[in-house]
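So the protein sequences, as listed, match chains A and B. Under the numbering used here, the first residue of the first sequence is numbered 2, with each subsequent residue one higher. Under the numbering used here, the first residue of the second sequence is numbered 2, with each subsequent residue one higher.
Everything labelled a hint here was simulated from the structure, so no lab data went into it. Check before you lean on any hint, since a few could be wrong.
Put simply, identical chains are the same to the list, so a pair is met inside one copy or across any two.
[Stated by the list, open to error] Here are the simulated DSS-like cross-link-like pairs (lysine-lysine), alpha carbons at most 25 angstroms apart as the crow flies:
1. Lys247 with Lys102
2. Lys100 with Lys236
3. Lys268 with Lys169
4. Lys232 with Lys76
5. Lys141 with Lys169
6. Lys76 with Lys233
7. Lys233 with Lys397
8. Lys349 with Lys130
9. Lys380 with Lys397
10. Lys233 with Lys16
11. Lys141 with Lys363
12. Lys141 with Lys310
13. Lys8 with Lys247
14. Lys247 with Lys200
15. Lys141 with Lys130
16. Lys263 with Lys391
17. Lys37 with Lys247
18. Lys101 with Lys76
19. Lys397 with Lys292
20. Lys286 with Lys130
Protein chains: 2
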Amino acid sequence: MSHSLIKEKIDQAVKILNEKDADMWLTFVRESSTAKDPILEIIAGINFTWQSALIINKDGDTTAIVGSIELDNLKNINLYSNVSGYVQSIREPLTDYLKKKNPQKIAINYSQNSVLADGLTHGMYLILKDYLKEIGFEDKLISSEEIISSLRGRKSPAELSIMRDAVKETLRIFNEAGNFIRPGVSEIEIADFIKALAKVDGYELAWDEDHCPAVFTGPDTQGAHSGPTEKKVEKGHLVNIDFGIKYNGYCSDLQRTWYVLKDGEDKAPLDVEIGFSVIRDSIQKVADSLKPGVQGCEMDDIARNFIVKSGYEDFPHGLGHQVGRNVHDGGGGLLPRWERYGNTPYIKVEESQVYTIEPRLKVDGYGTVTMEEEVFITKEGCEFLSKPQKELMLIKG
Amino acid sequence: MSHSLIKEKIDQAVKILNEKDADMWLTFVRESSTAKDPILEIIAGINFTWQSALIINKDGDTTAIVGSIELDNLKNINLYSNVSGYVQSIREPLTDYLKKKNPQKIAINYSQNSVLADGLTHGMYLILKDYLKEIGFEDKLISSEEIISSLRGRKSPAELSIMRDAVKETLRIFNEAGNFIRPGVSEIEIADFIKALAKVDGYELAWDEDHCPAVFTGPDTQGAHSGPTEKKVEKGHLVNIDFGIKYNGYCSDLQRTWYVLKDGEDKAPLDVEIGFSVIRDSIQKVADSLKPGVQGCEMDDIARNFIVKSGYEDFPHGLGHQVGRNVHDGGGGLLPRWERYGNTPYIKVEESQVYTIEPRLKVDGYGTVTMEEEVFITKEGCEFLSKPQKELMLIKG
Chain A
2 MSHSLIKEKI
12 DQAVKILNEK
22 DADMWLTFVR
32 ESSTAKDPIL
42 EIIAGINFTW
52 QSALIINKDG
62 DTTAIVGSIE
72 LDNLKNINLY
82 SNVSGYVQSI
92 REPLTDYLKK
102 KNPQKIAINY
112 SQNSVLADGL
122 THGMYLILKD
132 YLKEIGFEDK
142 LISSEEIISS
152 LRGRKSPAEL
162 SIMRDAVKET
172 LRIFNEAGNF
182 IRPGVSEIEI
192 ADFIKALAKV
202 DGYELAWDED
212 HCPAVFTGPD
222 TQGAHSGPTE
232 KKVEKGHLVN
242 IDFGIKYNGY
252 CSDLQRTWYV
262 LKDGEDKAPL
272 DVEIGFSVIR
282 DSIQKVADSL
292 KPGVQGCEMD
302 DIARNFIVKS
312 GYEDFPHGLG
322 HQVGRNVHDG
332 GGGLLPRWER
342 YGNTPYIKVE
352 ESQVYTIEPR
362 LKVDGYGTVT
372 MEEEVFITKE
382 GCEFLSKPQK
392 ELMLIKG
Chain B
2 MSHSLIKEKI
12 DQAVKILNEK
22 DADMWLTFVR
32 ESSTAKDPIL
42 EIIAGINFTW
52 QSALIINKDG
62 DTTAIVGSIE
72 LDNLKNINLY
82 SNVSGYVQSI
92 REPLTDYLKK
102 KNPQKIAINY
112 SQNSVLADGL
122 THGMYLILKD
132 YLKEIGFEDK
142 LISSEEIISS
152 LRGRKSPAEL
162 SIMRDAVKET
172 LRIFNEAGNF
182 IRPGVSEIEI
192 ADFIKALAKV
202 DGYELAWDED
212 HCPAVFTGPD
222 TQGAHSGPTE
232 KKVEKGHLVN
242 IDFGIKYNGY
252 CSDLQRTWYV
262 LKDGEDKAPL
272 DVEIGFSVIR
282 DSIQKVADSL
292 KPGVQGCEMD
302 DIARNFIVKS
312 GYEDFPHGLG
322 HQVGRNVHDG
332 GGGLLPRWER
342 YGNTPYIKVE
352 ESQVYTIEPR
362 LKVDGYGTVT
372 MEEEVFITKE
382 GCEFLSKPQK
392 ELMLIKG
């Protein structure tokens with residue numbers, strides 16, 4: 002993340018603390034290249050080896066206390082107004098600072114709901130608790146979940162501009178991939194072709210390369226997060242691809258669906274056409290309702306109910322998630338009310354967030370239809386970042 | 002990590018559970034490409050998106066419960082005897098399994114002392130605690146610190162062989178770097194030269210590239226974990242480099258020191274020679290005493306006391322750490338009794354571990370002398386993996 006983007010995010014964090022009336026936000030890390038608190042790249046951009054505290058306050062004071070061997074690194078990034086180093090233990094400088102500021106509550110990075118606000122390990126939590134006990138502050142700890150959710154979710158104009166370009170580049174790669182799909186090529190060959198295209202342009206993949214891209218051809222494919230197999234494209238297959246890149250540090254995440262014509266066909270069979278239009282329409286219905294203030298689960302309902310009422314099996318995952326520096330980003334998502342999602346289906350959508358919309362359904366005997374679009378939340382609605390797939394793309398057999 | 006190495010490690014884990022009389026070891030993760038439990042690459046080698054449990058038992062039973070969309074991935078790696086998938090929540094399959102096994106204690110990945118045994122986030126700890134409360138198991142949780150310490154620390158013959166090669170390749174690169182050092186080149190130029198050598202051979206760096214290598218020339222350099230600067234090598238400088246590569250997934254970590262002759266010199270000044278020999282001898286003294294059963298802090302004492310008694314300032318970091326897949330690996334280290342190191346200075350050294358030995362001292366007016374060697378713990382002592390630097394290397398000015 003560029004220095005100016007990090008600076009922008011730290012300033013945004015101070016505003017969010019004021020908005021949420023939270024005194025102090027403390028990020029507490031050690032050996033962060035191994036135990037990566039996901040917020041660190043957004044508020045520091047460097048790693049810390051010894052126990053280190055990055056503290057952002059409602060009053061605008063930003064303070065960092067780190068191991069002495071890394072004090073120069075910290076000074077070099079020039080992002081925190083007060084910096085200090087220690088040799089033997091962070092206990093004293095940290096508790097001294099906290100006593101001086103005497104905050105009502107201290108937000109720290111743990112969350113049952115959001116992995117991105119859950120960067121504090123349990124061992125580090127116990128260490129911090131020990132330090133705070135000494136000064137009677139141990140009951141001041143609260144979760145930074147809402148702070149991080151807003152900070153990661155709300156894209157600045159600079160961030161949005163990068164994300165638009167990421168989507169554009171990804172759709173270009175999808176386009177080229179479409180020309181490569183033909184009967185006889187395997188899922189793995191298609192995946193390798195796409196990876197090679199990304200590599201030529203110097204793009205990292207948005208998620209693990211074993212299933213980025215994920216490629217599925219025909220009926221009876223593996224689950225949604227599976228890697229491509231040796232299975233070959235055949236006439237009469239639906240082919241779908243889930244793929245994204247990391248572009249200047251920001252992810253894209255899109256899906257497209259093709260149909261491979263059988264001999265004599267000049268369009269897809271009716272069943273396939275209907276399946277396609279149900280997915281296309283379900284995405285549009287969500288986009289028509291998606292705006293600041295709605296709950297993610299209400300959006301999931303719209304697509305899920307429409308698909309189930311149209312006679313298809315329920316899809317076994319959420320409708321959509323936020324995207325940002327991580328492919329699954331932010332706090333809330335467009336998710337069903339399933340226990341494993343915690344409170345994230347109920348969090349209200351905010352302006353300037355980016356979500357995917359990605360329902361799927363199976364067409365018996367042909368395969369899976371699934372499109373994934375990205376939308377940006379505007380003041381009163383949402384705007385597609387990806388030009389939505391409106392027609393099934395046909396491959397000549 | 003190769004499939005056969007992971008298999009070897011899972012088998013080793015079962016042995017360690019028997020040795021330590023621990024019933025069950027549970028690794029509990031979600032979105033693990035973002036929230037990376039460092040043990041995952043050693044016992045799975047793939048990531049998991051939904052809440053997932055990898056369970057290794059003393060009785061040899063290995064069980065994994067993961068989100069249904071990733072069940073195929075899990076089956077494909079073929080490392081766990083029992084695998085199952087869920088859709089809405091892991092709660093029921095996980096608690097059912099635990100009730101059936103009814104362990105006395107369940108080791109989970111948290112540790113105040115070792116970052117590598119502290120992969121469980123605090124939010125995930127709270128979720129797990131919730132699940133366990135339901136079946137009355139919430140007091141069965143213990144730290145997996147000792148299990149992970151032994152599992153990561155004890156190198157199998159296959160692992161040791163890779164680590165030997167990593168050291169060999171690194172020393173070759175140091176050798177070439179020595180021919181590049183001359184008055185007028187900057188720390189950054191030397192670092193770039195070394196990085197280019199590593200890149201040609203396709204090696205990843207062992208730690209963050211902003212200070213891998215770390216290069217320091219002359220007096221008044223920045224702290225030990227700082228990146229290289231524009232400062233130029235001059236005649237009369239001590240130059241030292243800290244560098245390591247990742248070789249087939251295993252790290253190396255070594256340091257070497259050079260002296261740049263002034264006009265008319267054919268050897269280093271006496272002060273520099275003495276400083277060099279104090280570091281060289283302190284390393285040898287540690288190696289002479291290092292064997293299974295000693296405490297790391299006793300080893301730190303040997304070098305630290307020798308250096309201080311020789312009239313130099315105390316070095317502001319530990320004497321050495323374990324190396325493995327991470328550059329700072331394992332549990333215990335050769336560390337001083339400082340609070341920030343928790344219990345790790347007191348843990349006893351075990352056979353088959355790999356440690357660095359890396360004391361340093363300053364020679365006023367010339368710069369820093371620091372060598373870092375890697376040693377392998379044998380049955381009755383230790384063996385250098387790196388041919389130790391016995392002579393100060395001289396650069397003609």
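- [ ] Please flag the earlier hints that this structure goes against, numbers listed from lowest up.
- [x] The structure breaks hints 1, 2, 3, 5, 8, 9, 10, 11, 12, 19, 20; every other hint is satisfied.
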